[in-house]
Structures are given as C-alpha cells and as structure tokens.
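Number of protein chains: 2
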Amino acid sequence: MTARNISGKEISAQIYEELRGRIAAFKQRHGRAPHITVVIVGEDPSSQTYVRLKHDKAQDLGIGSTVLRLPADTTEEALLGVVDGLNRDPAVNGLLVQLPLPDHIDEARVLLSVDPAKDVDGFHPMNVGRMVMGDPGVLLPCTPHGVLQLLLRSGVTIEGAHVVIVGRSNIVGKPLANLLIQKREGGNATVTVCHTRTRDLGAITRTADILVAAAGSVNMVTADMVKPGAVVVDVGTNRVPDPSSPRGSRQVGDVDFERVREVASAITPSPGGVGPMTVAMLMWNTVEAAWNQLGR
Amino acid sequence: MTARNISGKEISAQIYEELRGRIAAFKQRHGRAPHITVVIVGEDPSSQTYVRLKHDKAQDLGIGSTVLRLPADTTEEALLGVVDGLNRDPAVNGLLVQLPLPDHIDEARVLLSVDPAKDVDGFHPMNVGRMVMGDPGVLLPCTPHGVLQLLLRSGVTIEGAHVVIVGRSNIVGKPLANLLIQKREGGNATVTVCHTRTRDLGAITRTADILVAAAGSVNMVTADMVKPGAVVVDVGTNRVPDPSSPRGSRQVGDVDFERVREVASAITPSPGGVGPMTVAMLMWNTVEAAWNQLGR
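In order, the protein sequence lines correspond to chains W and U. Reading the first sequence from the start, the letters are residues 81 to 376 in our numbering. Reading the second sequence from the start, the letters are residues 81 to 376 in our numbering.
Among the clues, some could well be false.
[Unchecked claim] Chain W is nowhere near these chain U residues, computed Cβ spacing over 12 angstroms in every case:
(1) ASN85
(2) VAL162
(3) MET206
(4) ARG210
(5) MET213
(6) GLY240
(7) ALA257
(8) LYS263
(9) GLN331
(10) GLU342
[Stated by the list, open to error] Quick list of in silico lysine to aspartate or glutamate cross-link-like pairs, DMTMM-like style, CA-CA up to 25 angstroms:
(11) U:LYS263 to W:GLU187
(12) U:LYS263 to W:ASP186
(13) W:LYS307 to U:ASP280
(14) U:LYS307 to W:ASP336
(15) W:LYS137 to W:ASP186
(16) W:LYS107 to W:ASP195
(17) U:LYS307 to W:GLU187
(18) W:LYS137 to W:GLU97
(19) U:LYS263 to W:ASP153
(20) W:LYS263 to U:GLU187
(21) W:LYS263 to U:GLU90
(22) U:LYS137 to U:GLU90
(23) W:LYS137 to W:ASP169
Worth flagging that the hints you see were computed from the coordinates, not collected in a lab. Think of the CB as a built atom: it goes at the ideal place given N, C-alpha and C, for glycine as much as any other residue.
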C-alpha cells in the first residue's frame, strides 16, 4: 500500500477560495480591503524571496499589501518608531516584521513592540499565551495552524489520536502541541513532544497515530520509525545539493519520503505540503485581524 | 520495595530558608521588604482560607502583605479600578486577584488587567506566552514551578526522561508540559499530555519515567498504570467523606497512594506534597517581582 498524498497545494487553494469570499464580504461591509504591511530590514536574499511571495499572494487575493524596505543599517530605535507608527495606523490591519533582523537589532524587543491585534505571524507572547490558554479569538501562528488545517481538511481524525511531534521550536513544535491538546474541535489529541534529548526516539514515534516531523534534519524520520497506517506530516524544509537542478540544490523535508510512504496511510510531501499552508494562514490571519479591528 | 517519599513540607521549608536570605538582601538594598497585595471579592470560605494562608506565610517571612477585602456586589468596573490603582502603586510588587470571582464579573478581563510584571500567579497570557517561548526572566505559574522544584530538589533526573502528565488545565497540565520541554536545565524532558479524551491511558502512563497526576479525580492513577521504578507526582487535591475526621472529610490526591507506592521509586503524598510548594512559589515570585521592579 502506498500512502495517500495530502497536498498543501490543493488545500491551500481551497482556503484561498474561501478567503476570496470573506475578502469580498469585508469590502462590501467596510468599503476597502484588509491590508497587510511587511517590514524588511536589509538585503537577505531568502527574506526578499519570502516577502515577495507574501506580497504577490496578497495582491492576487485582493488584500492590500505594502512592503516597507529599510536599509541594513537602520537603528533599533528607528525600527521601533516605524512599528509604532504602523501600530497606530488604522489602515494597517496586519503587521509583520520579516526575520531575521540584522545583528545589531534585538529581535525579541521588536516582536514585542508589534500590536498583538495586528500580529498576523502569531508570534507575540500575548498571542502565544492566549492560544495556550484556549482563547478562541486569537490569531494563530501560521505554520502550526496550517498543519491543523491540512489534517482537518484531509479527513484525519485528531480527537483521541496520539500525535507525536519531533521538534520543539517556537514557530512549529511548541505551538502545534499546544493547539492539539486544546479541549475543542480540532484538538483533544494526546500529544507527545520529542527533541534532540529524547531517548529512543523510534520507540516513541512508533506509537504515533499522527507523526509530525519538525526538526529541520534530513531523513530524520525513517520507515522503521513509523507505525503502519500512521499519518505523517513533514514540516521540514531542508536544502540538499542537487547537480541536476538549475539552482544546484533542491528542497527536501525531514522524512525519508519514498520509504515512509510505503508504511504510512497518508503523508504530506515537502515541498508541496506544509509550505503552501503557511502563506495561506498568513492571509487568513490578515483577513481575521481586519474583521476583528473593524467589526463584523 | 516501597517508594521514597518526596516531601513538599521539607522542600518548601528549604525554599523558605533561601527566601529569607533573599528578602534580607532585598531589604538591605532597597530599605523595605517586598510587598504582595491580595484582592478578594466576596465571602467564599475556601478562598478566605487560601488568602489567610498566603497572608500568614508572607508575614512569617517578613514579606509585606495586604489583603483587600471587597464586598460580593463589587462591580467589574470598580474591581478594574482597584487593580489599576495597585498596578500603578510602586509599593506593591506582587498583585493577586483571588479566584473564583462572583458570577457577574468577567474573570478573564480582570486577570488581563493585572500588570504582567506584578502577576505573581503567573496566569497572565503575556507571562504564559513568555514562559512557552523560553524567556528565562518570566514569573512562572506557582503549581507547575512547585512540581519542577520538587523534582529538581529531590534528585530526580528530568533531562531525557519521559514525563507523562494526566490533565490539561491552564493552571497545571499545560504550563507544566511547556516548562519541561524547554531546552535548558530543569527541562529537556520528552513530554506527553493525556486527558479525558486519551485512549488507553494506562498504556501511555506505563511508559512514563515520571508520571504527573493532575486530573482532579480520586484514584485516577492505579498501581497497574505505573511502570515499576517510576517517579509519581500527585497534584490532585480532592476531598472525600471521612466520618473519623472532625471536618467529616479529608484530602486525597489523584493517585491510589498506598498501592502505587509499592510500585514507584519515589512519590509525593497528597496532602504534604505539591500543596505546600504552591504557596512557596508564590512567595518566590513576590520576591522575584520586587527585585525585577526595583533593580538588583
């Protein structure tokens, strides 16, 4: 048996269709589109690519989008001033400061300065705390929320399942674990978080009904670590050398995809799985933030 | 073999001795003691008892303590006004609004109004978020922090251990799980959170090196659910009828203590285990908040 493919491309396309409807309704109600502003400091090429991707997607959906490009030598105080101005600007619904920031700027201080109501990344500690405590109205962090939507929309039963997450990052592992244990629809899973200090990782991953690989390590999940019939979600986005590719490298996940798909019942590819969901959930949050701010 | 007893009475006494030193140092540096103010609304008898316990302990340690007793018909706006005044008062280092509040008051709104820097309960979403994200300077919620200190100070190895927590409350299960997975000393555990929707609970608890019962259910953990040699922490504080007691009832935990102690290597009793630690960590937070606010 080969595992069913869970396509982030297809599911994100479905979400975009729903968002188009919500954006149209917002425009009708408020006379303008939701608006996201992204602040980028310096010339990091990957960051430039990510920011362009978000900008293009927003424009495609009819979400207003502004990219503020600041020079690499922008001071922390100047950046905080820019964020403060955007916090106060009622025309800006979503506000995202692209990471990483240059070394001379305290990232934590800058993230903390973003108005939680405009924090469409869902990284502000206030939003993280509200999410952990089960507040239903909070903006959720994009990648974990994308994983949740992938599972829900592909018919995977989360309630009562044992979910094993490998990786404890602030952007994936920790928030996803906290989402999945909530006492509500899309929650009620029994969740285990594993990481580099976990002893006998395979013994634990083999107990998973749903196995989430989010460790940032190529081939970290091999077929012998997967219970037959389990659902496997690959959050990894690693680059490996590939002379046959024009770029000289290609993206792979954390999962030994070709072998694991012979054991699992369903699997997300990488690329094409979780990746497309992250941008989709950022757009979702922008629309959500706009409705929250201007009223329903 | 009978399990070693992990005594919260002894370990909290050790913490109080350390706090006396820190309080003396604070007085020497700042010319006054740290100060905690507890606000209680109405006449709930259990709340009155808890508030008295905290007040007596603070006084015993030489921490300044004020109890503000407000009538049961205090309006939400009036209570928010009181909290606002205490937030602004530099003489108040720790501020705690005793729960539960009367039904006509929105608890979440009141808790959110407490200055996070004075939130010695560690319940403010901002503090919960900072804890989850691994911020080392945050005030930790008292009961989970008490469990952590019990384990650390009784020589239990947390790093690399599989900790299974039964219960996902906002005051114990969720924050404890988030504390124990952090990448730092006193963390690095592999953590599983179980709850009422967990299938085959015993199969999971039997894999635990450290089993934490925090479900609020008498005899929820039986001997057959415990791996021989595991460490068992009982957070439960349930009252059961007991005609032989002057009160007609007595406190028991979530663990079938007499039978589980024949299987475990170490166990906390209830009462006398986690309970005394909660007040100790509240005093710890008051001292910590005072140092944070006035400088070291």
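Going through the hints against the structure:
1. The Cβ of ASN85 (chain U) sits about 27 angstroms from the closest Cβ of chain W, beyond the 12 angstroms cut-off, so the non-interface label holds.
2. Its beta-carbon lying about 23 angstroms from the closest one in chain W, VAL162 (chain U) satisfies the requirement of being farther than 12 angstroms from that chain.
3. For MET206 (chain U), the requirement that its beta carbon stay farther than 12 angstroms from each beta carbon of chain W is not met, with the minimum near 5 angstroms.
4. A cut-off of 12 angstroms between C-beta atoms contradicts the statement that ARG210 (chain U) is not in contact with chain W; the least separation is 5 angstroms.
5. For MET213 (chain U), the requirement that its beta carbon stay farther than 12 angstroms from each beta carbon of chain W is not met, with the minimum near 5 angstroms.
6. The claim that GLY240 (chain U) lies off the interface is violated: its Cβ sits roughly 5 angstroms from the closest Cβ of chain W, which falls inside the 12 angstroms cut-off.
7. Some Cβ of chain W comes within 12 angstroms of the Cβ of ALA257 (chain U); the nearest lies about 7 angstroms off, and the non-interface call is violated.
8. Not every CB of chain W lies more than 12 angstroms from the CB of LYS263 (chain U), the least distance being 7 angstroms, so the non-interface label is violated.
9. The claim that GLN331 (chain U) is not at the interface with chain W holds, since no C-beta of that chain comes within 12 angstroms of its own (minimum 26 angstroms).
10. With 12 angstroms as the threshold on Cβ separation, the claim that GLU342 (chain U) sits away from chain W holds: the shortest Cβ distance comes to roughly 26 angstroms.
11. A C-alpha spacing of about 19 angstroms is found between LYS263 (chain U) and GLU187 (chain W), which places the hinted pair at or below 25 angstroms, so the restraint holds.
12. For the proposed pair LYS263 (chain U) and ASP186 (chain W), the alpha carbon gap of about 21 angstroms is at most 25 angstroms, so the pair holds.
13. Under the criterion of a C-alpha separation no larger than 25 angstroms, the hint pairing LYS307 (chain W) with ASP280 (chain U) is consistent with the structure, at around 17 angstroms.
14. A C-alpha spacing of about 33 angstroms is found between LYS307 (chain U) and ASP336 (chain W), which places the hinted pair above 25 angstroms, so the restraint is violated.
15. Restraint check: the Cα-Cα separation between LYS137 (chain W) and ASP186 (chain W) comes to about 29 angstroms, which exceeds 25 angstroms; the hinted pair is violated.
16. Proximity of LYS107 (chain W) to ASP195 (chain W) is assessed by CA-CA distance (about 23 angstroms); at most 25 angstroms being required, the pair is judged to hold.
17. Taking the CA atoms of LYS307 (chain U) and GLU187 (chain W), the gap is near 44 angstroms; set against the 25 angstroms cutoff, the hint is violated.
18. Taking the CA atoms of LYS137 (chain W) and GLU97 (chain W), the gap is near 12 angstroms; set against the 25 angstroms cutoff, the hint holds.
19. Pair hint LYS263 (chain U) plus ASP153 (chain W) does not hold up; C-alpha atoms about 32 angstroms apart against a cutoff of 25 angstroms.
20. A C-alpha spacing of about 19 angstroms is found between LYS263 (chain W) and GLU187 (chain U), which places the hinted pair at or below 25 angstroms, so the restraint holds.
21. Using a Cα cut-off of 25 angstroms, the hinted pair LYS263 (chain W) and GLU90 (chain U) is violated, with the two alpha carbons roughly 36 angstroms apart.
22. Using a Cα cut-off of 25 angstroms, the hinted pair LYS137 (chain U) and GLU90 (chain U) holds, with the two alpha carbons roughly 15 angstroms apart.
23. Restraint check for LYS137 (chain W) and ASP169 (chain W): satisfied, since their Cα atoms lie roughly 23 angstroms apart, inside the 25 angstroms limit.
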